[in-house]
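Enquirer: Each chain is listed here by its residues.
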Amino acid sequence: MLRVEDINTFYGTVQALHEVSINVNEGELVSLIGANGAGKSTTLRTISGLRPPAKGLITFRGERIDGLRAYEIVKKGIVMCPEGRHVFPQLTVYENLLMGAFTENNKQVIKQSLERVYAMFPILQKREKQAAGTFSGGEQQMLAIARALMARPQLLMLDEPSLGLAPIIIQDIVRIILELKKEKMTILLVEQNAKLALKLSDRAYCLENGKVSLSGSAEELATNPRIKELYLGG
Amino acid sequence: MKMNKTTTKLLQTIPVLILLAVPVVVTNNYVLNVLIMAGIWTLLASSLNIMIGLVGQLSMGHAAFYGIGAYISGLLSVRLGIPIWLGMPAAGLATTFLGYLIGKLTFRVRGSAFVLVTLGLGEVMRLVTNNWMSLTNGPLGLQGISPVKLFGVNFTYKHYYYFILLLVLLVSYIIWRIKNSRFGRAFIAMNENEPLANAVAIHSERFLVLAFMISTCIAGIAGSFYAHYVTFISPDLFLLSNTVTIVVMVIVGGKGTVLGPIVGAIIFTLLPEWLRAIDNYRMLIYGLILMFSILFMKRGIVPSFARIIKKKRGALHEYS
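Chains A and B supply the protein sequences, listed in that same order.
Be aware that the first sequence starts at 1, since it is given in my numbering, and climbs by one per residue.
Be aware that the second sequence starts at 1, since it is given in my numbering, and climbs by one per residue.
In short, the hints are calculated from the structure, not lab data.
Incorrect hints may appear among the rest.
[What the hints assert, rightly or not] Taking lysine-lysine pairs in the PhoX-like style, the calculated list, with each CA pair at most 20 Å apart, reads:
hint : chain 1 : residue 1 : chain 2 : residue 2
1    : A       : Lys111    : A       : Lys126
2    : A       : Lys126    : A       : Lys75
3    : A       : Lys76     : A       : Lys184
4    : B       : Lys104    : A       : Lys129
5    : A       : Lys182    : A       : Lys199
6    : B       : Lys298    : A       : Lys129
[To be verified] What follows is a list of derived Cβ distance ranges for each label pair:
hint : chain 1 : residue 1 : chain 2 : residue 2 : range
7    : A       : Thr59     : B       : Lys104    : 25 to 33 Å
8    : B       : Tyr173    : A       : Lys75     : 31 to 39 Å
9    : B       : Leu101    : A       : Thr59     : 33 to 41 Å
10   : A       : Val14     : B       : Leu101    : 31 to 39 Å
11   : B       : Phe305    : A       : Thr59     : 50 to 58 Å
12   : A       : Lys126    : B       : Ile285    : 46 to 54 Å
13   : A       : Lys182    : B       : Leu166    : 53 to 61 Å
14   : B       : Tyr173    : A       : Lys126    : 44 to 52 Å
15   : A       : Asn8      : B       : Lys104    : 24 to 32 Å
16   : B       : Tyr286    : A       : Ile168    : 52 to 60 Å
17   : B       : Phe97     : A       : Thr103    : 37 to 45 Å
18   : A       : Lys184    : B       : Ser181    : 49 to 57 Å
19   : B       : Leu166    : A       : Gln171    : 54 to 62 Å
20   : A       : Thr103    : B       : Thr8      : 30 to 38 Å
Please read all numbers here as calculations on a predicted model, not as lab measurements.
Quick reminder that beta carbons are idealized off the backbone N, C-alpha and C, glycines included.
Chain B with its partners taken away, still in its complex shape (with noise of 0.2 Å):
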């Protein structure tokens, strides 16, 4: 037993230590540019993840929230100078509170009410930026949003990796965390079994919009991020289509686990970035890909594979 937690500890060490090791041995500028990116999706997958994954609520705008954590932290930049060290809990509290608002609103009445609104909230935002020309500079976009500086150094792509590096596994030790936690434990039950959940004292609506508020802040965060990394935002954000490649990540990946939509995210972040070489075949490609992984692996990658391990090593009866 005490083998077994020490081999799996030491399993869990190996992938940090050689993501710690990547920008050491990767000097290319483009390929940290794009692991980067695969960070800011992690972070959006993971936290949609406490959504469809632990709770399960579909949130169609979750685009929404990680736009508005990049204007606010934008805006805060360009209009007042404020850096990122306080833009970003800025953006963070700013999209808790809408949460709040949201889920308050919307979990009450349940049914389709919280897919409609945060599906509207995102198209609401885009067309609010695209035309408060004075604030946004609308379709054009912010410009000049001021890179992370910090102790006087101006964060190279090397720190930027190492600082979105540092915020995904701060979420998803915190996922992690609450999913073995009596919280965790509630957004499962509620999820199994509402009318059972509310009969064992889970107020769920109460939890439903603890469980949003805290997804909406990481995005709201990694939206910050976003804005101070690439100093450059525009209404596109709030596309639908983020949102459906964040949802995207989450299944295939495999929602309700730690690991899955971090998988999803590298998976869906990498992968237009190889099939760019065969330019015009690149979304059939996707396409395909998406189709044979919700075919095949119904449950995701990341429950599969733990599937055909456990399998392997029979112990699968007792947990099917």
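Bound-form chain A, shown alone (with noise of 0.2 Å):
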């Protein structure tokens, strides 16, 4: 569904990624894992549209997006949901919600994604009216992946979800991944928490430096020794 590859990008004159090719298919779990640095969030940020390959070739469903600006990309179907739980501080949650599906117009399709959403964060309903700026972290990161699945995504990108919460407020991000995994969407995962995106995942790469270091079917990474003693605690 989502083939990267070989991008290169760049912050200025320092180079983020290096050759990076990443594969994702349909109704698939992939999670990207790797310290501080590696160049995960980068990725992401790349095939969104933000920070656009220097070098390289992005497509989604066979048809290139690599070049294509941010709004466009989101159109195409692939949402991302920024890491450090970005929300609009000074809209209300039921305005949040609505500018994830800023690029619907249907009023019938904005109400069933807002129903379908508030199903699963009953907690977001109960504080429809409230500014987000005084949520919590949690329900923070809960509004930023409600405003995500707002836009409908085909593919959905999260970027470090459990990012800076407390393991129960964990429990419930993982809760709702797993919701959606069950649901058969496809979901791109950045985690710096190698044993939860493991976990979670069917395949996923490893990347170190700003290359792909490692990939496979996320048991075997789960296993192999090198991920086992650099990620996962030996």
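Using the hints, build the complex out of the two chains.
Expert: This is the structure:
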């Protein structure tokens, strides 16, 4: 469904990605693991058009999407939930969710998406009118995921959904990711918590210094001695 | 809930009724003139608020669009005898188009480009109008712009007052509608977090250009009104100090709110008039008020008072 081939991405003169190639098939949950600064988030930013690649090819359902602008890529069905649980703090929960469905003009469709999201996150409905800035970190993360779902993604990209959250809240996030997986949503997950990521995903790529160092099924990686040593704590 | 709605509606109508009644009570032309000028500044501050308050871009050339609107309307009147009823739409359209061009060019390259280009525009326009003697009459200014006339009635202060009040109400309503629409949410979203706004498919450039076009259109219309009200315009309209005054009105009044720029415009039009009596200390007091309002009401007068009222109602914890 998504093919990323040999992309190079730069921040100024610093090369963040070296010939990164990844593949996501329909209905799969694929994760990118690796240390801080390995290029996981940059890969997502490159796919979503926020940081276009200098070289390489990205296709989505056979159609070339590298070089498209961020808003055009969202319209193609690739929706990113950025790192750091970004919400629009001054807008209410309801308005934040509407922003997620920004490209949708059909009110009926928006209403359906809203009902679906509220069913998944009942707390959001309860606090519909509250400004998102007053939420706790975990609630903001849920809102951020919910907002991404409002766009009815065909490919959902989650960037560090567990980052900085209390274990009990992470459980909630995990429950939601599993629920989405059950619904056959295609997900590309970036996680520093390799243990968690490998537990959830079908396949995974390990990034090191901007290069893919290892890839395979989640079980393969989880039992790989190198991964065990570096990321799973022996 | 319903009770609440009707009371807020009432609270909103009362000021409008008071404003409508003003010329009935006040017959002093000087007072009406000050109020009309406050109306013009309100249009300018409200339109700049779209840029500063909603999308978060500092335009330093607002007086340029005001002046261009005034000159277009004024020249059409003096050279071709075209009345305000055609001159005003022409001024609005021209400044909208100019806003489109400048927005399209500068919002592509971010950073300071927009601030610098808008800043430069005012100065360029001042030099052009100063030196193009054959067209604009240069520093002597353009005289003899026709006053407003409707159905054979020559406008007096009272009529001008109602005319500007109508424009102010219309513009305030439009901004209120924008703020509470899909566009307004996109504006606020871009202001708060642009990469994230892009990530939810907001084409930020397009919305910035759109916001700027609305803003410059209103400024052009304000300029047209000024030209036909005062019937004399000069290159001084393009002075940077005019832009700065508008920026101050927006910031001190409360950027991002509908009411803030109105309050700011009224205060900073009335204040210099009241302070005329103590001529020498005028700018001193003006400066002190500016300093205090920035020190103690960081977000502006209107948001600060709204906060106090909300605190009294005990609803602050929900919105803080």
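Enquirer: It remains to establish, for every hint, whether it holds in the given structure.
Expert: Tested hints:
Only pairs whose Cα atoms come within 20 Å are accepted, and A:Lys111 paired with A:Lys126 is accepted, the gap being roughly 16 Å. The straight-line distance between the Cα atoms of A:Lys126 and A:Lys75 is roughly 29 Å, outside the 20 Å bound, and the hint therefore fails. With a CA separation close to 18 Å, the supplied pair A:Lys76 and A:Lys184 stays within the 20 Å bound. For the suggested pair B:Lys104 and A:Lys129, the alpha carbons sit about 36 Å apart, so the restraint of at most 20 Å is broken.
As the CA atoms of A:Lys182 and A:Lys199 are separated by approximately 14 Å, the hinted pair is consistent with the 20 Å bound. The straight-line distance between the Cα atoms of B:Lys298 and A:Lys129 is roughly 26 Å, outside the 20 Å bound, and the hint therefore fails. Distance hint check: the CB atoms of A:Thr59 and B:Lys104 are about 31 Å apart, consistent with the given range 25 to 33 Å. Distance hint check for B:Tyr173 and A:Lys75: the Cβ-Cβ separation is about 32 Å, which falls inside the suggested range of 31 to 39 Å.
The beta-carbon spacing between B:Leu101 and A:Thr59, approximately 37 Å, falls within the hinted interval of 33 to 41 Å. The hinted range of 31 to 39 Å is satisfied by A:Val14 and B:Leu101, whose Cβ atoms lie roughly 36 Å apart. Against the hinted window of 50 to 58 Å, the Cβ-Cβ separation of B:Phe305 and A:Thr59 comes to about 55 Å, which satisfies the hint. Roughly 51 Å separates the CB atoms of A:Lys126 and B:Ile285, a value that falls within the hinted 46 to 54 Å.
The hinted window of 53 to 61 Å between A:Lys182 and B:Leu166 holds, with their beta carbons roughly 59 Å apart. In this structure the hint that B:Tyr173 and A:Lys126 lie 44 to 52 Å apart at CB is violated, the actual value being about 33 Å. With their beta carbons about 31 Å apart, A:Asn8 and B:Lys104 fall inside the hinted range of 24 to 32 Å. Separated by about 56 Å at the C-beta atoms, B:Tyr286 and A:Ile168 satisfy the suggested range of 52 to 60 Å.
For B:Phe97 paired with A:Thr103, a C-beta distance near 28 Å fails the hint of 37 to 45 Å. The hinted window of 49 to 57 Å between A:Lys184 and B:Ser181 is violated, with their beta carbons roughly 35 Å apart. Checked against the given bound of 54 to 62 Å, the beta carbons of B:Leu166 and A:Gln171, roughly 59 Å apart, stay inside it. Checked against the hint of 30 to 38 Å, the pair A:Thr103 and B:Thr8 passes, with Cβ atoms roughly 33 Å apart.
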